[in-house]
Structures are given as structure tokens and as C-alpha cells.
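Enquirer: If you want the building blocks of each chain, they are given just below.
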Amino acid sequence: MAKKRVHERASERSGAQGWRRAPALVAMAATVSSSLLLFGCGPYCQGPSCGCEGDEECILSCERDGCDLWCSHTASTCGAICGDDCAFVCDNTNHCSALTGDGSNIDCHSVANCAGECGADCHYSASNVSEGHITVGPNSTVACTSMALCSVTCVGACEVSCDNVSRCEVDCDGERASGDGGRYVCD
Amino acid sequence: MGSGPVGTGGGTSVTDRPSVKFPATLAATLAFALTFAPESQAQTIIKDDAGSPDYSVELEPHGIVTPFWPPRGSADLGLGAGLMVGINLAPRGFIPTINDSVALGLGFDWVNYFGGRAAEGTCAEWNGTGNERICVRVRGPAGGGGTYFYAPAVMQWNFYLTQSWSVFGEPGFALYGDVGLDNRLRFGVTPVFFVGGRFHFSKPAALTFRVGYPYTTVGLSIFF
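First to last, the sequence lines map onto chains A and B. The first sequence begins at 1 in our numbering and counts up by one. The second sequence begins at 188 in our numbering and counts up by one.
Here chain A stands alone, though its shape is the one from the complex (with noise of 0.2 Å):
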């Protein structure tokens, strides 16, 4: 016990001083912590060179809000698969792919088919393409131009043009909407 009260004593004495220290311990977890910051960082992806030219198939996978995405040049697939408030550019390729959140931006152009999904508030561009199946949520555009079909599911209100196209399809919550001179308004 009495080995103990010293101790306690000894331990007493060390917290009063050793708060002066506070500042010093805190200075030092920063600068662990900022070092290891500035090491440890990857680079955004953004444009062709985050891209995969040349492959078979290549799925631009990035699971948070405000991506920015350019696929082009592979050989059968490109795609993204991004959060909210995505751009994704695609072209050169046959097939391009999207599934994106609320707020994105899509353009799909120079391919064969183009086939995405995207949230609210959603625009799609889509030209010079064989295909285009599209499915949009509410107070989305869409807009076609130069293909022989655009084939639009809007889920909720949307606005959607379509241009030099052959066959323009717009589903508006299961009933086909009637154009006005390439114009279809889902309310």
C-alpha cells in the first residue's frame, strides 16, 4: 500500500506538469498525420489516361458522388458505374454501358449501342449511334441525335429530343408519349 500512495503521488505531480506537454503531442500527431497524408494519395480520374484504350471490355467502377469519367477505343465494352453527380463520356467503342446517380452527365457518341441508367435530374446525350436504350429518372433530359433508334423509359417527368433519328421511342411510366416534331415531354 504504501508503495502504492507513492505512486499515486509520483502520477499526480507528472499529470500537472505533463499538461504543458499537451501541445507538443498534438503538434506531432499532425505532423504524422499530414506526412502520411501527402504520401499517400491516389490521382483522380479524369479523361483518357484513367481510361482503358485498347481492351476488350473495360467498366469504369467508382462508387462516390462527383466522378468524372472518359471510356473510348476498346474493342467490344466500355461502361461506368459512379455515384451521384457522374460525367462520363463514352465513344469509339460497340457497346457503351451507364449506371449513375442523380445528377449526371452522359455522353455516348461514335458507337453502336448505348444503354444506361441514371437517377434524377439526369442528362443524356446520345449521337451518331446505331442504338440507344435509355432509361432516366424524374426531371431528366434526353437528347438524340443521328441513330436509327432511341428507345427512352423516363421514370417520372422528362424532356426528350430526338434529331436525324429513325426510330424515337419514349416511354413515359409504362405509356408511350406522341412527339411534336422530335419533342416528347413525360409529365
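Since the hints were derived computationally from the structure, they do not count as laboratory data. All residues carry an ideal CB built from backbone N, CA and C; glycine is no exception. Wrong hints could be hidden among the right ones.
[Stated by the list, open to error] Examples of chain A residues lying across from chain B (beta carbon under 10 Å, computed):
1. C58
2. R64
3. D68
4. T77
5. G79
6. G83
7. H95
8. S97
9. L99
10. G116
11. N139
12. A143
13. V155
14. V185
Let chain A serve as the given structure and place chain B on it in line with the hints.
Expert: Just chain B, lined up with the frame of chain A:
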């Protein structure tokens, strides 16, 4: 750790070296501790095996920062919070001539990862067929960050250097879980390893930091 593991020091001088060789990181932490501590607190107690800690359980809430990628995917930065519970299994540790102790650390940590680059791969699962097919899952790790939960279980080996400072190593494993864009909860196991230290500023509490994989923490230890 608690209050102190504290032995009297037995007159050991600052310049005396422990007979056991520590890993380089622990040695560096020891050097830091002894450099910045007043002489009265800098007396080493590492050889005083009788000065074993008198706590049973340690609760350590902490903040988390990490530069490492999550187990699946990538990220530029992870921030979070968590709690580590230490159960003092061996107050006198493994080495009879050293003031050490061994605890079982069980934790629960939440980390939200930011940034990160996309992953490239082939499709593992398609919805639809033919020209209408849409890839909904890729093979291998997904890109980007996300929210992860970790439940680490570690062996915490503590070394009591001075009355104010102790250091520890924590090898172990962690069960982790994350929710992908497909809203599926995925689980996995990852090895973890930490090296850390405590600044014992009072009898029932200490400032605790650890660096390692998968994250760095700074927290407050409360001993019972």
C-alpha cells in the same frame, strides 16, 4: 496505463538503456518522450516490472484520419471516429524484467472516405441482354471511396517508459463492412497494425495516439 503504471524508477538514470531491444519506431517514440519530458518525469520505469498498471478496462473514444485506401476501392482521405475498448488481460505483460502489459483491444470505427480514382475492370453482372445490357457490378475492387465500418480486434502490448509516457504495438485483424452503390452490404476481413503512445496527463486518463493501417487515431483514454 492508467494511472500509472508507475514504478518509482528505482534511481534509473535517463541515460540507462533497457536490456530489451525495441523496434525502431518504439525507440523513436521513447526518444521523443524523453526529449520533451521534464527530468523528474523522464526517469525510466521500463525495468520496473512491479509497477504494473492497475486498470481493468480502458475506454478510448478517438478521431480518425487516414491516407490509406479502403480495403475495396480507393480514396484520397478518410475521416471518422470510433471507440476502442481495452481489456487488461496481463497486467505484468510477457517479459518479467520489463514494465509491460498486454490487453485485448476491441473496437468499432466508422470511416468516411473521400476522393479516390475509378477502378477499371470487366463486368461481373449485367442487367438486361443484348444491346440493352447495363453493367451493374465489376469484378474486383470498386473505385472511389464510400463509408466503411471496422470492428478491429488487436493484441495491445504496452511498454511503460516513464511516469508520463507509454508506448504500444497493436497487431490484429478487423472485420469491415461497406455499402456499395448497389446498396448491398459487403463484409471482409483485413489485417491491422498500429504503433502508438500515451501521454498520461492524469491518473485516470491519457491522451492516446496511434499510427498504422488502416488509419491513424488520436483519442482520450479513460481507465477503470
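Enquirer: Classify the hint on G116/A as holds or violated, based on whether any CB of chain B lies nearer than 10 Å to its CB.
Expert: For G116/A, the interface hint holds, since the closest Cβ of chain B sits about 7 Å away, which is under 10 Å.
Enquirer: Quick check on G79/A please, does its C-beta sit within 10 Å of some C-beta on chain B?
Expert: holds (5 Å)
Enquirer: Is the shortest C-beta separation between D68/A and chain B less than 10 Å?
Expert: holds (9 Å)
Enquirer: Would you check whether L99/A satisfies its interface hint, that is, whether its CB is within less than 10 Å of any CB in chain B?
Expert: holds (5 Å)
Enquirer: Closer than 10 Å between Cβ atoms is the bar; does A143/A clear it against chain B? Give me holds or violated.
Expert: Since chain B brings no Cβ nearer than about 19 Å to A143/A, farther than 10 Å, the hint is violated.
Enquirer: Does the interface hint hold: is V155/A within less than 10 Å of chain B, judged Cβ to Cβ?
Expert: violated (14 Å)
Enquirer: Do the numbers back the hint for R64/A, that is, is its least Cβ distance to chain B under 10 Å?
Expert: holds (4 Å)
Enquirer: A closest beta-carbon separation below 10 Å is what the hint needs, so does T77/A meet it against chain B?
Expert: holds (7 Å)
Enquirer: Close enough to count: is the Cβ of H95/A nearer than 10 Å to one in chain B?
Expert: holds (7 Å)
Enquirer: Against chain B, with CB atoms and a cut of 10 Å, does the hint on V185/A hold up?
Expert: Hint violated; V185/A Cβ to chain B Cβ min 23 Å, cut 10 Å.
Enquirer: Against chain B, is C58/A within 10 Å by beta-carbon distance?
Expert: holds (6 Å)
Enquirer: Minimum Cβ distance from S97/A to chain B below 10 Å?
Expert: holds (5 Å)
The earlier numbered hints that this structure contradicts are 11, 12, 13 and 14.
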